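Undergrad: Here is what each chain is made of, one letter per residue.
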Amino acid sequence: MTKEKQSKRHQATEIIQLFRVGRSDEALVLFEKYEFRKEFISFAIKKGIEYEDARDLVQKFTIDKLYLQSNSIKNIEFARTWMYSVLNNMVNDQGRILKKTREVPLDEERDQSQSTKIMSDKSQTRSGCIQEQLAKFREAEPKRAEILEFILEGFSTEEIRLIIGRSYGATREFMSQCRKKFRPFIEICNEIEE
Amino acid sequence: MMKNKEQKILQDWIDTLQGFSVKGMDIKKRLEARLLRNAWIAENKKIENEIPDQDDAFYQNVREAILKRKAKQSSKDLWTSFFENKFKAFLIVILGTGFVYASKKTYDGVVSVADELNHIILAKETGNKMIVNEPNDKGFWDEHFDRHGGFTGFWSRYAPSEDEKIVPENVDDNLCSYNATLTLENCLALANQYDANARFNLGLMYELGVSVDQNYLQAYEWYKKSSALGNEDARSNMEYLIKKGLVY
Numbered sequence: 001m002t003k004e005k006q007s008k009r010h011q012a013t014e015i016i017q018l019f020r021v022g023r024s025d026e027a028l029v030l031f032e033k034y035e036f037r038k039e040f041i042s043f044a045i046k047k048g049i050e051y052e053d054a055r056d057l058v059q060k061f062t063i064d065k066l067y068l069q070s071n072s073i074k075n076i077e078f079a080r081t082w083m084y085s086v087l088n089n090m091v092n093d094q095g096r097i098l099k100k101t102r103e104v105p106l107d108e109e110r111d112q113s114q115s116t117k118i119m120s121d122k123s124q125t126r127s128g129c130i131q132e133q134l135a136k137f138r139e140a141e142p143k144r145a146e147i148l149e150f151i152l153e154g155f156s157t158e159e160i161r162l163i164i165g166r167s168y169g170a171t172r173e174f175m176s177q178c179r180k181k182f183r184p185f186i187e188i189c190n191e192i193e194e
Numbered sequence: 001m002m003k004n005k006e007q008k009i010l011q012d013w014i015d016t017l018q019g020f021s022v023k024g025m026d027i028k029k030r031l032e033a034r035l036l037r038n039a040w041i042a043e044n045k046k047i048e049n050e051i052p053d054q055d056d057a058f059y060q061n062v063r064e065a066i067l068k069r070k071a072k073q074s075s076k077d078l079w080t081s082f083f084e085n086k087f088k089a090f091l092i093v094i095l096g097t098g099f100v101y102a103s104k105k106t107y108d109g110v111v112s113v114a115d116e117l118n119h120i121i122l123a124k125e126t127g128n129k130m131i132v133n134e135p136n137d138k139g140f141w142d143e144h145f146d147r148h149g150g151f152t153g154f155w156s157r158y159a160p161s162e163d164e165k166i167v168p169e170n171v172d173d174n175l176c177s178y179n180a181t182l183t184l185e186n187c188l189a190l191a192n193q194y195d196a197n198a199r200f201n202l203g204l205m206y207e208l209g210v211s212v213d214q215n216y217l218q219a220y221e222w223y224k225k226s227s228a229l230g231n232e233d234a235r236s237n238m239e240y241l242i243k244k245g246l247v248y
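First to last, the protein sequences are chains A and B. In this text, residue positions in the first sequence follow the working numbering: the first is 1, and each later residue adds one. In this text, residue positions in the second sequence follow the working numbering: the first is 1, and each later residue adds one.
Watch out, some of these pointers could steer you wrong.
Said to hold, decoys possible - Among chain B residues calculated to face chain A with C-beta under 7 Å, some are:
no., residue
1, Trp40
2, Glu43
3, Ala65
Unchecked claim - Covered stretches of chain A (chain B as the covering partner; in silico rule of three or more C-beta atoms under 8 Å from a C-beta of chain B):
no., stretch
4, 21–32
5, 40–47
6, 59–65
7, 167–180
Note that these hints are calculated values from the structure, not bench results. Predicted model, so just to flag it, every value in this text is computed and none were measured. Beta carbons: idealized from backbone N, C-alpha and C, even for Gly.
Work the whole structure out from these sequences, hints included.
TA: Written out as structure tokens, the structure reads:
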């Protein structure tokens with residue numbers, strides 16, 4: 001685990017401890033200081049939620065989960081894992097609600113709009129291409145993209161296992177599939193010179 | 001061996017994605033992983049730049065909501081704190097279910113507490129009589145404890161005391177209204193006039209053996225006749241006789 005992620009882990013533990021003893025004002029100050037608001041909103045946005053909705057969601061998460069349910073964490077060392085686990089469920093629920101209410105364009109129209117967007121980004125830099133492919137991967141393989149996101153966030157296999165609620169072996173297999181499935185997406189960008 | 005190799009490739013890929021330097025990894029794969037990590041970091045920065053640095057309204061709303069929850073919670077604190085202790089909650093559930101089970105449980109010839117409470121053993125008043133309601137000046141102690149100080153239970157008030165069995169002085173007794181003075185002739189005369197209470201009293205006489213020989217079948221028949229006239233207590237006593245196994 002990188003030093004940055006290690007400190008994030010401690011920061012999360014510190015915040016949860018403050019919530020637990022009822023010092024919510026101090027906990028909120030640290031929440032802002034350690035930039036958890038930005039991190040969580042950004043996490044929700046990456047999963048396809050609009051900024052305003054993501055902001056409301058994180059607000060709800062802070063009140064309903066961090067403040068009210070912080071006592072339910074069994075191992076305080078895994079506070080950050082717990083946060084992501086709960087937030088991930090909330091974001092997925094929100095995503096499902098939005099999916100139900102959102103007007104879905106005709107398949108043909110959607111395909112055209114996507115392909116033009118991909119082509120336009122691909123023609124730029126390799127980094128831009130990978131970003132675009134990452135977005136495409138999220139749409140095509142949302143569950144595996146979720147795992148990729150957690151890996152990039154610096155979570156260990158054990159922590160990811162706790163977040164997604166699977167066995168260690170199943171999580172490891174899921175990660176392996178994630179790597180294999182992502183390869184074709186990234187290979188497209190190999191042709192582009194930096 | 002093959003599996004181990006695959007696991008190593010996976011672990012190297014994960015480590016590179018998480019920013020660790022990995023030795024002995026395939027150059028192409030390492031480059032891809034690093035590019036992916038850089039793209040992810042760039043994307044994060046881009047998104048975070050669009051999120052305002054300060055959002056006072058966000059924290060204002062959170063603080064207000066927390067204050068509201070605290071105000072609501074304070075009234076529930078005692079109750080919730082009690083149930084937060086899993087042992088206490090478990091104990092309450094066990095005792096509660098045990099009590100309910102015991103009160104409902106019946107064996108052959110043994111009826112439940114509820115049935116015992118519903119069993120009426122006081123004669124009912126019959127005919128036109130002057131009834132004077134005397135104030136019940138029994139205190140908590142008299143109702144729930146016996147004269148030796150032993151706890152008789154909260155249901156003890158349903159049981160007739162010795163005083164209740166005696167005919168009150170200021171009442172004109174028709175000899176078919178009080179356990180102490182029940183007579184077969186008087187009750188039969190009233191029962192033949194379709195008096196539901198007199199029929200109930202006859203049932204009681206046969207059940208308890210007051211002025212007559214104890215006969216549960218006869219008791220059951222008289223309860224049945226009283227019940228036919230709409231006497232709910234008679235029906236309840238019929239059920240009691242059956243459950244107790246006194247009639248079949």
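Undergrad: With reference to the structure, classify each hint as holding or not holding.
TA: Evaluated hints:
| no. | hint | in the structure |
| --- | --- | --- |
| 1 | Trp40 | holds, 5 Å |
| 2 | Glu43 | holds, 5 Å |
| 3 | Ala65 | holds, 5 Å |
| 4 | 21–32 | holds (count 4) |
| 5 | 40–47 | holds (count 4) |
| 6 | 59–65 | holds (count 3) |
| 7 | 167–180 | holds (count 4) |
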